[in-house]
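K.L.:
Take the given structure of chain E and dock chain L to it, following the hints.
As you go down the protein sequences, you meet chains E and L in turn. Quick note on our numbering: the first sequence kicks off at 1 and runs consecutively. Quick note on our numbering: the second sequence kicks off at 1 and runs consecutively.
Heads up, a few of these hints could be off.
[As the list claims (entries may be wrong)] Computed cross-link-like contacts, SDA-like style, restricted to lysine to any residue with a CA-CA straight-line distance of at most 25 Å: (1) 79(E) - 50(L); (2) 72(E) - 48(L); (3) 331(E) - 66(L); (4) 63(L) - 167(E); (5) 327(E) - 53(L); (6) 338(E) - 45(L); (7) 298(E) - 167(E); (8) 91(E) - 68(E); (9) 331(E) - 45(L).
Source of the hints: derived by calculation from the structure; they are not laboratory data. This structure is a prediction, so every number in the text was calculated from the model and none was measured.
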Amino acid sequence: MLFTSYSFIVFIAVLFVLYYIIPKKYQWILLLVASYFFYGLMSIKYLGYILVTTVTTFYAGRQLKRQNLYQKDYLKEHKADMSREDKKAFKEQIKKDKKIYFLACILVNFGILAFTKYTNFVIYNVNHISEMFGNDIVLSFWNIALPMGISFYTFKSMSYLIDIHRDKSQGANSLFKFALFVSFFPQIIQGPISRFEHLSKTLYGPHTFDYDRVAFGLQRILWGFFKKLVIADRLLIAVNTLKNSPEQYSGGFVLVLMLMYSFELYADFTGGIDIAIGIGQVFGVTIEENFNRPYFAKNITDFWRRWHITMGAWFRDYVFYPLSVSKRMLKLSKWARKNFGDAIGRRLPVYISTLIVWFTTGIWHGASWNFIAWGLANGIVIIISLELKPYYKWFHSKFNVADKRVFHAFQIIRTVLLVSSIRLFDVYKNVPLTFKMLGSMFTAQNYSSLFNGSLLELGLAMYDYVIVFGGLGVLLIVSLIQRKSNVRLQLASKPVHIRHAAFLMLILSLLVFGAYGAGYDASQFIYNQF
Amino acid sequence: MNDLIEILEELHADVDFKNCVTLIDHNILDSFDIITLVADINSEFDVTIPAEEIIPENFNSAKALYALVERLME
Numbered sequence: 001m002l003f004t005s006y007s008f009i010v011f012i013a014v015l016f017v018l019y020y021i022i023p024k025k026y027q028w029i030l031l032l033v034a035s036y037f038f039y040g041l042m043s044i045k046y047l048g049y050i051l052v053t054t055v056t057t058f059y060a061g062r063q064l065k066r067q068n069l070y071q072k073d074y075l076k077e078h079k080a081d082m083s084r085e086d087k088k089a090f091k092e093q094i095k096k097d098k099k100i101y102f103l104a105c106i107l108v109n110f111g112i113l114a115f116t117k118y119t120n121f122v123i124y125n126v127n128h129i130s131e132m133f134g135n136d137i138v139l140s141f142w143n144i145a146l147p148m149g150i151s152f153y154t155f156k157s158m159s160y161l162i163d164i165h166r167d168k169s170q171g172a173n174s175l176f177k178f179a180l181f182v183s184f185f186p187q188i189i190q191g192p193i194s195r196f197e198h199l200s201k202t203l204y205g206p207h208t209f210d211y212d213r214v215a216f217g218l219q220r221i222l223w224g225f226f227k228k229l230v231i232a233d234r235l236l237i238a239v240n241t242l243k244n245s246p247e248q249y250s251g252g253f254v255l256v257l258m259l260m261y262s263f264e265l266y267a268d269f270t271g272g273i274d275i276a277i278g279i280g281q282v283f284g285v286t287i288e289e290n291f292n293r294p295y296f297a298k299n300i301t302d303f304w305r306r307w308h309i310t311m312g313a314w315f316r317d318y319v320f321y322p323l324s325v326s327k328r329m330l331k332l333s334k335w336a337r338k339n340f341g342d343a344i345g346r347r348l349p350v351y352i353s354t355l356i357v358w359f360t361t362g363i364w365h366g367a368s369w370n371f372i373a374w375g376l377a378n379g380i381v382i383i384i385s386l387e388l389k390p391y392y393k394w395f396h397s398k399f400n401v402a403d404k405r406v407f408h409a410f411q412i413i414r415t416v417l418l419v420s421s422i423r424l425f426d427v428y429k430n431v432p433l434t435f436k437m438l439g440s441m442f443t444a445q446n447y448s449s450l451f452n453g454s455l456l457e458l459g460l461a462m463y464d465y466v467i468v469f470g471g472l473g474v475l476l477i478v479s480l481i482q483r484k485s486n487v488r489l490q491l492a493s494k495p496v497h498i499r500h501a502a503f504l505m506l507i508l509s510l511l512v513f514g515a516y517g518a519g520y521d522a523s524q525f526i527y528n529q530f
Numbered sequence: 001m002n003d004l005i006e007i008l009e010e011l012h013a014d015v016d017f018k019n020c021v022t023l024i025d026h027n028i029l030d031s032f033d034i035i036t037l038v039a040d041i042n043s044e045f046d047v048t049i050p051a052e053e054i055i056p057e058n059f060n061s062a063k064a065l066y067a068l069v070e071r072l073m074e
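Pulled out of the complex, with its shape left as it was, chain E reads as follows (with noise of 0.2 Å):
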């Protein structure tokens, strides 16, 4: 059941109506049996890896509270009889402790993700390298399903666990509530990937029937479906046409393939963000925000503050910052410090770690050498823009123009040129052709060809491309009147028949501009395959 198919909006309808009429008591039991209905839609096999996840980071969670709390107490009542090495010591017994359950959780549960979704990349390299060396035994490929989300979820489970053994959260107090955070349905296909201490302080309710926010939780549903019928789905069918065709477009036509899939990207991922943190907001959930206007970064590395906030956060706290403040990367910073300088000493663990995380990030978006291209190239940039910082200060202090405002626009272009560049790797069937297709930006002489028609074939004629800019205009006015203040919170200061014909204007403009029609179906989240 996809976000933007009828029975999805039937069964919101549903369980809207009975979320409302029925006890509070019982409304988070009744998002629970939703939230399985709707996975167990897609596919009944899919509840048995959801199951898994859920009972075995649930009771891993909370044997490391039992010791989180045993160790508290303990230390409390014998604080005048411990020496500093009995407390050391005891600590250390507890972690060893703890470790058991938490390293078992964490391989069961990776274990379940690594082969589910990578079994089969393996395979393709085992065959690959073994075809290098005459080789010919071929293995095949096996039949496995990937459940929808599995990333996800995995990792919302994982946090769960991760800030359960640092003993910053408490976790849950029933499997059942647990069940729920980890399969709640608006956030369990694309995220955001929530934490625990945050998404538990709304998902179990009671939450009474409030108009504005209901009114609200619409309206960012129904922001959701334009971004994405309106204008996602509608440069999709240019970008299909660019990128299966590589021979016929390069050059000038990977410019335009770059920009059109950078914007539908953005219409078709913070779309489906809206339409789940609107129906979080239409069932009294507050959902994390997961972006925060990407594309008005002045740099890569403000970029990923900004886009896909939730995912990034998971990286640095889980990944990032344990293994660059690790004893091993601490020794191995002083080593380079004693033998080759502090300047290479402190680079060291950043370097290190940042090319380490962004391997993960891009191996976590699929299993293909793409992928990972996509993400060592976002890595290798942002080391790069940490070498070129005195660069810049020097600029800045010979040239008085970093609060200029060409400037800032300036660095807005550079920076979407960049993210959009590297996006490529995405977009082509594998690196090699990538590359060449990048190559051909500079080289190719058909830029004039742009300007022929050429566009008007690409499966989008003059109509859909005025309704693309038309709605790209849209979101960049909503994107500059964000950078002041809230959208909804300014529309619901005005008088009632200005709210009321805004809301039926974006109404009328699904219908009428929506992506859709006989032979049409609206396509999948890109988001939803990782």
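P.N.:
Then chain L, alone, in the frame of chain E:
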């Protein structure tokens, strides 16, 4: 405290670390600065800051960071 301020000033000479209390909230220190800082503190004070202590409250000001270092030294 002065040693810590020196380490911080090596990272960003133009920041008033004695008074600033929004080093993280205002993105003055990014994650790369934090890692460099943790490694520097490890060298200078022989203290290892664990990953779970890398939270805005501990890094928003030099004072908070120094309090963390002192706590970990105990």
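K.L.:
Could you run down the list of hints and mark each one as holding or not?
P.N.:
Here is what the structure says about each hint:
no., hint, in the structure
1, 79(E) - 50(L), "holds (24 Å)"
2, 72(E) - 48(L), "holds (22 Å)"
3, 331(E) - 66(L), "holds (22 Å)"
4, 63(L) - 167(E), "holds (24 Å)"
5, 327(E) - 53(L), "holds (15 Å)"
6, 338(E) - 45(L), "holds (17 Å)"
7, 298(E) - 167(E), "violated (36 Å)"
8, 91(E) - 68(E), "holds (10 Å)"
9, 331(E) - 45(L), "holds (14 Å)"
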